[in-house]
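Undergrad: Please work from the sequences and hints to get the whole structure.
Listed below are the residues making up each chain.
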Amino acid sequence: ETGVTQSPTHLIKTRGQQVTLRCSSQSGHNTVSWYQQALGQGPQFIFQYYREEENGRGNFPPRFSGLQFPNYSSELNVNALELDDSALYLCASSLVGKQETQYFGPGTRLLVL
Amino acid sequence: SQQGEEDPQALSIQEGENATMNCSYKTSINNLQWYRQNSGRGLVHLILIRSNEREKHSGRLRVTLDTSKKSSSLLITASRAADTASYFCATDAKNSNYQLIWGAGTKLIIKP
Numbered sequence: 001e002t003g004v005t006q007s008p009t010h011l012i013k014t015r016g017q018q019v020t021l022r023c024s025s026q027s028g029h030n031t032v033s034w035y036q037q038a039l040g041q042g043p044q045f046i047f048q049y050y051r052e053e054e055n056g057r058g059n060f061p062p063r064f065s066g067l068q069f070p071n072y073s074s075e076l077n078v079n080a081l082e083l084d085d086s087a088l089y090l091c092a093s094s095l096v097g098k099q100e101t102q103y104f105g106p107g108t109r110l111l112v113l
Numbered sequence: 001s002q003q004g005e006e007d008p009q010a011l012s013i014q015e016g017e018n019a020t021m022n023c024s025y026k027t028s029i030n031n032l033q034w035y036r037q038n039s040g041r042g043l044v045h046l047i048l049i050r051s052n053e054r055e056k057h058s059g060r061l062r063v064t065l066d067t068s069k070k071s072s073s074l075l076i077t078a079s080r081a082a083d084t085a086s087y088f089c090a091t092d093a094k095n096s097n098y099q100l101i102w103g104a105g106t107k108l109i110i111k112p
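Residue numbers (the working numbering), protein chains in the order written: chain A, 1 to 113; chain B, 1 to 112.
Just so you know, these hints were derived from the structure itself, not from any lab.
Hints should not be assumed to be uniformly reliable.
[Stated by the list, open to error] Under the rule of at most 27 Å between Cα atoms (straight-line distance), these lysine-lysine pairs were calculated in the DSSO-like manner:
hint, chain 1, residue 1, chain 2, residue 2
1, B, Lys70, A, Lys98
2, B, Lys56, A, Lys98
3, B, Lys70, B, Lys107
4, A, Lys98, B, Lys26
[To be verified] Chain B residues, not near chain A, derived (Cβ > 12 Å throughout):
hint, residue
5, Glu15
6, Gln37
7, Arg50
8, Glu55
9, Arg60
10, Thr64
11, Thr77
Only a predicted model underlies this, so the values are computations on that prediction, with no experimental measurement involved.
For glycine and all other residues, C-beta sits at the position ideal for the given N, C-alpha and C.
TA: This is the structure:
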């Protein structure tokens with residue numbers, strides 16, 4: 001167990017809808033990253049938050065947005081869902097001073113119909 | 001885009017045998033990590049090797065890093081059925097603020 005939790009575990013949405021995924025990490029984890037993992041592929045970096053501010057972004061459009069809260073929780077929001085957004089979404093958090101090692105939650109599997 | 005490429009894409013061996021997986025990457029890195037993923041669930045950190053290290057051991061795991069060839073290998077000795085999983089390498093490129101770039105993974109199957 002990494003101490004990182006995600007909710008919900010599974011989600012089904014239709015094209016055009018909006019979705020919010022949640023992640024909760026441990027006390028002291030001040031960095032959270034979100035990844036998208038398509039079936040059979042490696043994770044793709046979406047963005048990272050450090051002290052509640054975006055600290056880097058991968059090659060994802062602006063309809064992917066996030067928030068990080070003071071209580072070590074974070075959200076990934078996706079607007080105008082597309083079929084290709086169907087994937088496993090993983091959040092990972094890091095300890096202060098040890099950001100190179102990331103602790104992953106179990107993921108949320110999103111299916112867009 | 002993917003930074004790393006794992007080789008082979010899939011590997012099936014008998015329990016007790018050794019399993020070797022390789023990873024190649026493209027840019028200069030701070031470190032390289034290996035993770036395991038069971039059945040499309042969360043990723044579990046296995047081992048981290050820094051760019052100034054050449055070899056590292058952890059239990060039945062041995063990782064090597066060749067920065068001149070931009071490649072790494074993961075050796076799992078005396079494999080067990082529980083080692084069945086997908087294995088990914090991830091690189092932390094220089095000046096990247098710890099943003100991990102991943103390969104596509106090697107699917108390892110251990111036959112009892």
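Undergrad: Each of the hints needs a verdict: does it hold here or not?
TA: Against the structure, the hints come out as follows:
1. B:Lys70 / A:Lys98: 24 Å, holds
2. B:Lys56 / A:Lys98: Holds: Lys56 of chain B and Lys98 of chain A sit about 18 Å apart, inside 27 Å.
3. B:Lys70 / B:Lys107: 21 Å, holds
4. A:Lys98 / B:Lys26: 24 Å, holds
5. Glu15: Holds, since 25 Å exceeds 12 Å.
6. Gln37: 9 Å, violated
7. Arg50: 9 Å, violated
8. Glu55: 18 Å, holds
9. Arg60: 20 Å, holds
10. Thr64: 19 Å, holds
11. Thr77: Answer for Thr77 of chain B: holds, closest chain A Cβ roughly 23 Å.
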